[in-house]
Amino acid sequence: MAQISVATLAETVPPTRAPHEPAAPARGLSWLNVIGLILPLLLLGAWELASHLRLVSSVFLPTPERTIESFMDLLLSDNFQWDLLSSLNIVGQAFAYGTALALALGIAAGLSTTVERAFGPTLDGIRHIPPIAWLPLIVLWAGIGPLGKIIFISKVVFFPVFLNTLQGIRGAQKEHLELARVLTLNKRQMLRRVIIPGAMPSILVGLRYGASLAWTLVVVAEGLGGMTGIGFLIFRAQALLMTDQLLVCMVVIGLIGFAIDYGMRRIERRVLRWKPAFEGA
Amino acid sequence: MTELTLAPSGARAGQLSLRRVSKSYRVNGRILPVLDGIDLDVEPGEFVCVVGASGCGKSTLLRLIVGLDHDYDGEILLADERISGTSLTRGMVFQDHRLLPWLTVEENIALALENVASPAAAKQARVQQHIDLVGLAGFERAYPYQLSGGMAQRAAIARGLVGNPEILLLDEPLGALDALSRAGLQEQLRRIWISEKITMILVTHDVEEAIYLADKVVVMQPRPGRIARQFKVELPSPRDRASIPFVAVRQRILADMGRFESPAPFAAARTLPAA
Numbered sequence: 000m001a002q003i004s005v006a007t008l009a010e011t012v013p014p015t016r017a018p019h020e021p022a023a024p025a026r027g028l029s030w031l032n033v034i035g036l037i038l039p040l041l042l043l044g045a046w047e048l049a050s051h052l053r054l055v056s057s058v059f060l061p062t063p064e065r066t067i068e069s070f071m072d073l074l075l076s077d078n079f080q081w082d083l084l085s086s087l088n089i090v091g092q093a094f095a096y097g098t099a100l101a102l103a104l105g106i107a108a109g110l111s112t113t114v115e116r117a118f119g120p121t122l123d124g125i126r127h128i129p130p131i132a133w134l135p136l137i138v139l140w141a142g143i144g145p146l147g148k149i150i151f152i153s154k155v156v157f158f159p160v161f162l163n164t165l166q167g168i169r170g171a172q173k174e175h176l177e178l179a180r181v182l183t184l185n186k187r188q189m190l191r192r193v194i195i196p197g198a199m200p201s202i203l204v205g206l207r208y209g210a211s212l213a214w215t216l217v218v219v220a221e222g223l224g225g226m227t228g229i230g231f232l233i234f235r236a237q238a239l240l241m242t243d244q245l246l247v248c249m250v251v252i253g254l255i256g257f258a259i260d261y262g263m264r265r266i267e268r269r270v271l272r273w274k275p276a277f278e279g280a
Numbered sequence: 000m001t002e003l004t005l006a007p008s009g010a011r012a013g014q015l016s017l018r019r020v021s022k023s024y025r026v027n028g029r030i031l032p033v034l035d036g037i038d039l040d041v042e043p044g045e046f047v048c049v050v051g052a053s054g055c056g057k058s059t060l061l062r063l064i065v066g067l068d069h070d071y072d073g074e075i076l077l078a079d080e081r082i083s084g085t086s087l088t089r090g091m092v093f094q095d096h097r098l099l100p101w102l103t104v105e106e107n108i109a110l111a112l113e114n115v116a117s118p119a120a121a122k123q124a125r126v127q128q129h130i131d132l133v134g135l136a137g138f139e140r141a142y143p144y145q146l147s148g149g150m151a152q153r154a155a156i157a158r159g160l161v162g163n164p165e166i167l168l169l170d171e172p173l174g175a176l177d178a179l180s181r182a183g184l185q186e187q188l189r190r191i192w193i194s195e196k197i198t199m200i201l202v203t204h205d206v207e208e209a210i211y212l213a214d215k216v217v218v219m220q221p222r223p224g225r226i227a228r229q230f231k232v233e234l235p236s237p238r239d240r241a242s243i244p245f246v247a248v249r250q251r252i253l254a255d256m257g258r259f260e261s262p263a264p265f266a267a268a269r270t271l272p273a274a
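Going down the list, the protein sequences come from chains D and A. Residue 161 in numbering that gives the first Met the number 0 sits at position 162 of the first sequence, with consecutive numbering throughout. Residue 43 in numbering that gives the first Met the number 0 sits at position 44 of the second sequence, with consecutive numbering throughout.
If we strip away everything but chain A, and leave its shape as in the complex, we get (with noise of 0.2 Å):
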């Protein structure tokens, strides 16, 4: 059991930095690249989002960052340290909620805090009030089938949080809702993120969706998995989608990604003026 103490939420210490991160598959005797390279800096509090189309290597890279894969080339470490397999101190959030059918939804949340060694009351008030940080209130009680897809990754993400993890990662979290349910949810780990001031590199597909929350987005270009560029969103908060400036963002981001598919449907979009 580890020791991680429940103290309440602030900015943890920890930089995340990946050093030259190279990773292949086997596939049918052939060598596959999926990621060549990978060079990342993640500050303490930061909220980076990865960007990138389908094939680009993201998800692979949270999976490496999380401890569920180790056979790499390259460095990962957190806080000056390697990383060596899984450990509570980086959380995950993937994009099928993954609660476990047979357990209530504030039992889904405190098997998060299985090997943390504090008394049940503590572990109990702590998974209370996670429960009330996304909204789900009235709920603990539910089992995931009667849940609706956000509210289920709502608990998803409480589960995330509630062990005071240095990192969050969050696979795509929002991609398996509706538009509604996303841009609900979008606003609530905004919110989320500016009260717990705790890391968070989400992944996703959505480029409006990393403009919106990211302090910093990295786009990635695919075969091989490459960071194309990395740029510091600096547009006030809260971000106004319809804005001219986070337009501009959109475009370029945009235009980035369109270099490495068919350059036609982006090729006005470079005639645009640097945001």
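Pulled out of the complex, with its shape left as it was, chain D reads as follows (with noise of 0.2 Å):
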């Protein structure tokens, strides 16, 4: 038998030093968080520099002062917060009422497809045919009220919504498909627990998207008929060149579109918590 020598390199000794902690995620006001005001903070700066030295007149830019004291008037005395209200009444109707039809059409198509050669040229062909061209049949068929902007919304919403939610049905995996067979699931236990799970990431940029889109919208539909509403106050300020209050109406929709990103993407993180997140390179 021949003589295996074995020599050791080098013994472990436990460490003396604690254990290694791991970096905690940016919290407060560091750099991270910070960053992403700087942007808008040198535009506001701007802004100032160029309203209050007159390097553009104020009729086309008047200063922050003017536009926040703006804001105020609109909001004590001509119940901004009724239009903006009514905004957000029909945006957040037509969002349901689109999300939840495409939600429903789309895991249908996605089952079945049957349902998807039944529904598909029709659909795609609305598809095709631009929004902004579809309104004035709509306010003509529907009139200049709620519903005819509700109607718009929806439709356009509806989209998005739809495609990605068959593309995550169409997505799922096979392995997973199988391991429910396994398990004896039935067809509905595998759709609650398989298939609609798995398509979330999909359903849910496509729900993102159609949020934010919905919320831009409302000043198209809004802005071509009706006497209510955010989108109706931007085209009349511009009409009675009140520009002050043509900015306060766009801050604002910014603002709200930004929340209303911000809300989903928390729903999104909190979903798919289960994802590991690409943070970037």
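If you are wondering where the hints come from, they were derived from the structure by calculation, not from laboratory data. A virtual CB, placed ideally from N, CA and C, is assigned to each residue, including glycine. Careful: at least some of the hints might be erroneous.
[What the hints assert, rightly or not] Subject to a maximum C-alpha distance of 25 Å in a straight line, what follows is the list of computed SDA-like cross-link-like pairs (lysine to any residue):
#1 122/A - 49/D
#2 186/D - 78/A
#3 215/A - 18/A
#4 122/A - 273/D
#5 122/A - 100/A
#6 196/A - 141/A
#7 186/D - 106/A
#8 215/A - 42/A
#9 173/D - 78/A
#10 186/D - 82/A
#11 274/D - 95/A
#12 196/A - 78/A
#13 173/D - 142/A
[To be verified] Reference excerpt, derived from the structure (chain D facing chain A, CB under 10 Å, subset only):
#14 58
#15 62
#16 63
#17 174
#18 175
#19 180
#20 183
#21 185
#22 204
#23 273
#24 274
Got two chains here, separate frames each, mind docking them using the hints?
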């Protein structure tokens, strides 16, 4: 039997220092959280300068102070909040109806090629006519009240949600479905425990996009008809050359849109907490 | 919902019999035979390992037994009844753990009890019992992406056992793991089998794994898949991979398998005395 020699290279000694603590996520006033505020602050500064130094006429660019005054005026004497709520109401309803229909049809079409073939060509045709081309017809049929706007916005919200849902359902992995069969899950259980959770990443992308889309479209919908809502206020301000009111409306629209997307992102993070996120290279 | 009572485990009734099982696939218009005339009996509580090179149909065999595929000739009987479709009496562990990514470890294991009629508290207790059995205590609320390959596979094994099946089928369960995890899990699998006494059929290409774990080894030959030889492994437990009887059995099996591949590497092995 050959002699086998084994020489010890090093014997590990238990460490005497404390174990490594993983880096804590950035909180509060750290650089990473504050960096997003730099650009807006710079823009605000530029605005201040440009308007106070009269680089641009005050008709085209009122000062930030004037804008804030205008905001207070609108709020206190012009029932701005009423218009805002009217817009939010329309967008909320449109989003609800549009996504409900899109989710239902998307799931049905995802599960059954028959359904997809039945509805597919029609939906594809409708989808390719731009929303703005639909608006005159919708207004003609449904009038300039809330109904017409809700129909218009629902239609636009429908498609991204429908397509993403369809794709999400179709992406169900064969391995998971086989596992479900081994566990004797019936079709309903498979849908609820395997197919839909697996489709959630796609579905949520569609919902997030649909939500922002719905909010930005409210200006279009309200601009082309009706007497209420923040979109109407924008066009009225343009007609009356009240640029300060115009800016107020734009800023408010932007802030609300940001809040909506932020809310959706939080929901997404909660629902998709099982997915390891890619934080960038 | 099947009425599967959560009785404590013990040797369960039900001999598995395969009679003249054959299967072919249609590929590009041609017929490709995958299994040809498989005859196999598995006694209750037995640990059977099926070894063979790639393409010998061993995974297909498992899929037929678990009921994922019913297009075959011949009969598969469990306790003298033809099997039809999947059932909670036949559990399976896949090579890729197939834990659902959106469920925690305990939710994944509990999914196997979804169709078992039993109060929630009893199910919860049983899930926890199996989490402890495979050594994942403390990771109940972890998501699969947070687990290592070995841990995920252990969770999959717990899921396969929690419903108290009569037979557990394992399709190369340790194939995707590194060598160290594999050795550890083989040990754990054997201990679990000893304590749970569930019939196990494990498919592997690792001959040592088969000898280490099995009561009976079934050697399959490829193209088309047939059983070349079956024999009982009568080595005392715990089995020592370095012992001479172990190595002799290994050489014997490799020689058998080598007969169906190129003969050269195993020519020497054939001169060894039979174990």
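Tested hints:
{"no.": "1", "hint": "122/A - 49/D", "verdict": "violated, 70 Å"}
{"no.": "2", "hint": "186/D - 78/A", "verdict": "violated, 28 Å"}
{"no.": "3", "hint": "215/A - 18/A", "verdict": "holds, 18 Å"}
{"no.": "4", "hint": "122/A - 273/D", "verdict": "holds, 23 Å"}
{"no.": "5", "hint": "122/A - 100/A", "verdict": "holds, 21 Å"}
{"no.": "6", "hint": "196/A - 141/A", "verdict": "violated, 29 Å"}
{"no.": "7", "hint": "186/D - 106/A", "verdict": "holds, 19 Å"}
{"no.": "8", "hint": "215/A - 42/A", "verdict": "holds, 10 Å"}
{"no.": "9", "hint": "173/D - 78/A", "verdict": "violated, 30 Å"}
{"no.": "10", "hint": "186/D - 82/A", "verdict": "holds, 21 Å"}
{"no.": "11", "hint": "274/D - 95/A", "verdict": "holds, 18 Å"}
{"no.": "12", "hint": "196/A - 78/A", "verdict": "holds, 17 Å"}
{"no.": "13", "hint": "173/D - 142/A", "verdict": "holds, 20 Å"}
{"no.": "14", "hint": "58", "verdict": "violated, 56 Å"}
{"no.": "15", "hint": "62", "verdict": "violated, 52 Å"}
{"no.": "16", "hint": "63", "verdict": "violated, 47 Å"}
{"no.": "17", "hint": "174", "verdict": "holds, 5 Å"}
{"no.": "18", "hint": "175", "verdict": "holds, 6 Å"}
{"no.": "19", "hint": "180", "verdict": "holds, 5 Å"}
{"no.": "20", "hint": "183", "verdict": "holds, 5 Å"}
{"no.": "21", "hint": "185", "verdict": "holds, 8 Å"}
{"no.": "22", "hint": "204", "verdict": "violated, 16 Å"}
{"no.": "23", "hint": "273", "verdict": "holds, 4 Å"}
{"no.": "24", "hint": "274", "verdict": "holds, 7 Å"}
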